[in-house]
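Colleague: As given, the protein sequences belong to chains U and S, one line each in that order.
With the first letter of the first sequence counted as 1, position 27 gets the number 27 in this note's numbering; the numbers rise by one all the way through.
With the first letter of the second sequence counted as 1, position 31 gets the number 31 in this note's numbering; the numbers rise by one all the way through.
No lab work stands behind these hints, which were simulated from the structure alone.
Note that this is a predicted model, so its numbers are computed, not measured.
Beta carbons: idealized from backbone N, C-alpha and C, even for Gly.
Treat the hints loosely; a few may be bogus.
[To be verified] In silico EDC-like pairs for lysine to aspartate or glutamate, Cα to Cα no more than 20 Å straight-line: (1) U/K102 - S/E158; (2) U/K40 - U/E60; (3) U/K87 - S/E173; (4) S/K174 - U/E82; (5) S/K148 - S/E158; (6) U/K40 - U/E25; (7) S/K59 - S/E147; (8) U/K102 - S/D177; (9) S/K25 - S/D66; (10) S/K174 - U/D84; (11) S/K87 - S/D256; (12) U/K13 - U/E28; (13) U/K87 - S/D177; (14) S/K87 - S/D237; (15) U/K102 - U/D57; (16) U/K102 - U/D7; (17) S/K174 - U/E90; (18) U/K40 - U/E68; (19) S/K25 - S/D72; (20) U/K13 - U/D105; (21) U/K87 - U/D57; (22) U/K102 - S/E173.
[What the hints assert, rightly or not] Residues of chain U placed beyond 10 Å of chain S at every Cβ, according to the derived structure: (23) E25; (24) M30; (25) V73.
One-letter residues, chain by chain:
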Amino acid sequence: MGLVVDDSRSVRKVARRILESLDFETAEAMDGIEALAFCKAAMPDAILLDWAMPNMDGLEFLRLLRKEPGGDVPVVVFCAAENDPAKIAEALNAGANEYIMKPFDGDIVASKFSMAGLL
Amino acid sequence: MTPASLEFLSELVRVRSGVILQSEKSYFAESRLAPLARRDGHESVEALLDSLRRHWDEKLAAATVDAMAIADTAFFRDREVFEHIGKVILPALAPARPDGVVRVWCAGCSTGQEAYSMAMLGVQVEERVPNLKLDIIGTDLSQRGLEKAHSGIYTQFEVQRGLPIRLLLQHFEKTGDMWRASERLRQAVRWRQLNLLEDRRSVRAFDILLCRNVVRYFDPATADRVLEQMAGALAPDGVLVLGAGETTGAPSLARDESGPSTFRKSSAQGQVAA
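Please put together the full structure from these sequences, using the hints given.
Modeller: Take a look at the structure:
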């Protein structure tokens with residue numbers, strides 16, 4: 001099961017199509033709060049996570065997720081416009097497994113998922 | 001593009017680089033040559049080829065072949081190959097090299113991603129295997145490819161194909177919208193222009209020779225001749241790694257089943273098995 005977390009509906013749509021093409025049953029959340037509620041109910045195997053979102057951003061969600069019971073299980077791949085090396089390092093330190101800088105395409109997602117051991 | 005022009009171009013590319021153009025790919029030739037035609041002041045690709053046919057211009061011919069170079073590459077392409085080199089080949093070679101230097105040749109290195117991948121692998125392995133040092137040389141026919149390789153500058157798209165994010169942060173610096181290989185990485189590789197079709201005698205023996213996704217574009221006889229010549233550049237216990245799915249009938253090379261697309265000198269097979 002893959003979870004796409006992004007406040008943009010069009011990005012979620014594109015990402016969902018890519019994840020489905022990689023054989024992931026896919027769910028969507030539009031911010032960190034929705035994503036955390038989803039994870040508490042059912043931990044996904046993979047999370048494609050945006051950074052800048054209203055209500056709760058990706059980094060805060062990730063820190064909370066990793067404290068949840070079983071929250072160390074999902075492979076978290078950031079997929080964000082942020083491309084500053086120091087910020088990316090911060091995301092990795094918070095427990096992200098891989099990082100995609102937007103814009104992205106199916107090849108990049110497949111490549112990163114494979115590096116993160118998902119494929 | 002007229003059939004005559006396409007035939008002229010195919011022959012030029014084949015003789016110069018060994019690459020066999022697929023005739024159905026004239027749109028590919030058009031898109032590759034259009035910028036060159038514009039730069040050189042021709043109205044169209046057709047006009048460029050026409051001019052070349054009538055008044056031979058060596059520089060323009062070389063630029064045409066260069067523009068047709070295949071540049072499909074990525075960092076750590078076929079990850080299992082690099083895992084095998086890092087975990088099996090390098091630890092086995094290092095003790096057999098008194099000076100600790102393992103010589104690596106990336107033949108057909110295009111824009112440099114593979115050679116830099118080897119350099120990054122070298123940094124990783126050097127931490128585990130003391131006194132190991134990779135001496136890496138990347139060669140290609142394409143001058144444009146080599147210029148980019150030498151600069152070490154890649155787009156955000158390119159650094160996301162095959163390169164894990166931690167290695168990106170460790171070995172690259174962000175400069176504007178681009179990412180540049182670190183000084184250490186750039187110092188680790190030397191670049192040379194080389195045509196694999198030309199006869200030469202190797203003065204150096206290489207321990208690891210990567211020639212991946214190169215000979216697949218040659219006709220089989222040319223591919224075997226090129227690889228036979230490469231076998232002569234291999235150290236007795238050296239390995240040649242081809243691209244996924246590539247194989248060879250070169251008499252001096254034998255498949256080493258312990259590694260992906262890996263070959264050794266056929267005379268060395270007994271020694272290796274023993």
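Colleague: Would you mind marking each hint as holding or not holding in the structure?
Modeller: Hint-by-hint comparison with the structure:
Distance hint between U/K102 and S/E158 is fulfilled; the C-alpha atoms sit about 13 Å from each other, no more than 20 Å. Annotation: proposed proximity of U/K40 to U/E60 holds, straight-line Cα distance about 15 Å (limit 20 Å). As the CA atoms of U/K87 and S/E173 are separated by approximately 14 Å, the hinted pair is consistent with the 20 Å bound. The hinted pair formed by S/K174 and U/E82 meets the criterion: a straight-line CA distance of about 12 Å does not exceed 20 Å.
A hinted pair counts as satisfied when its Cα atoms are at most 20 Å apart, and S/K148 with S/E158 qualifies at roughly 12 Å. For the hint linking U/K40 to U/E25, the alpha-carbon distance of about 18 Å falls within 20 Å, and the restraint holds. For the suggested pair S/K59 and S/E147, the alpha carbons sit about 17 Å apart, so the restraint of at most 20 Å is met. Taking the CA atoms of U/K102 and S/D177, the gap is near 12 Å; set against the 20 Å cutoff, the hint holds.
Of the supplied pair hints, the one linking S/K25 and S/D66 holds, its CA atoms being roughly 17 Å apart against a limit of 20 Å. Simply put, S/K174 and U/D84 have alpha-carbon atoms about 8 Å apart, close enough for the 20 Å limit, and the pair holds. For a cut-off of 20 Å, the pair hint linking S/K87 to S/D256 stands: about 16 Å separates their Cα positions. Of the pairs offered as hints, the one joining U/K13 and U/E28 holds, with about 9 Å between alpha carbons and a cut-off of 20 Å not exceeded.
Distance check on the hinted pair: U/K87 and S/D177 sit about 16 Å apart at the alpha-carbon level, within 20 Å; holds. At roughly 16 Å between alpha-carbon atoms, S/K87 and S/D237 fall within 20 Å of each other, so this suggested pair holds. The suggested pairing of U/K102 with U/D57 holds, with an alpha-carbon distance near 16 Å, which does not exceed 20 Å. Proximity of U/K102 to U/D7 is assessed by CA-CA distance (about 14 Å); at most 20 Å being required, the pair is judged to hold.
In summary, the hint linking S/K174 to U/E90 is supported, as the alpha carbons are separated by about 16 Å, within the 20 Å threshold. Distance hint between U/K40 and U/E68 is fulfilled; the C-alpha atoms sit about 8 Å from each other, no more than 20 Å. With a CA separation close to 16 Å, the supplied pair S/K25 and S/D72 stays within the 20 Å bound. For the proposed pair U/K13 and U/D105, the alpha carbon gap of about 12 Å is at most 20 Å, so the pair holds.
The hinted pair formed by U/K87 and U/D57 meets the criterion: a straight-line CA distance of about 14 Å does not exceed 20 Å. For a cut-off of 20 Å, the pair hint linking U/K102 to S/E173 stands: about 18 Å separates their Cα positions. At roughly 25 Å from the closest C-beta of chain S, the C-beta of U/E25 stays outside 10 Å, upholding its exclusion from the interface. In this structure U/M30 is separated from chain S by more than 10 Å, as the shortest Cβ-Cβ distance comes to about 25 Å.
U/V73, annotated as away from the interface, keeps every beta carbon of chain S farther than 10 Å; the closest lies near 20 Å.
The structure fails none of the hints (numbered hints given earlier).
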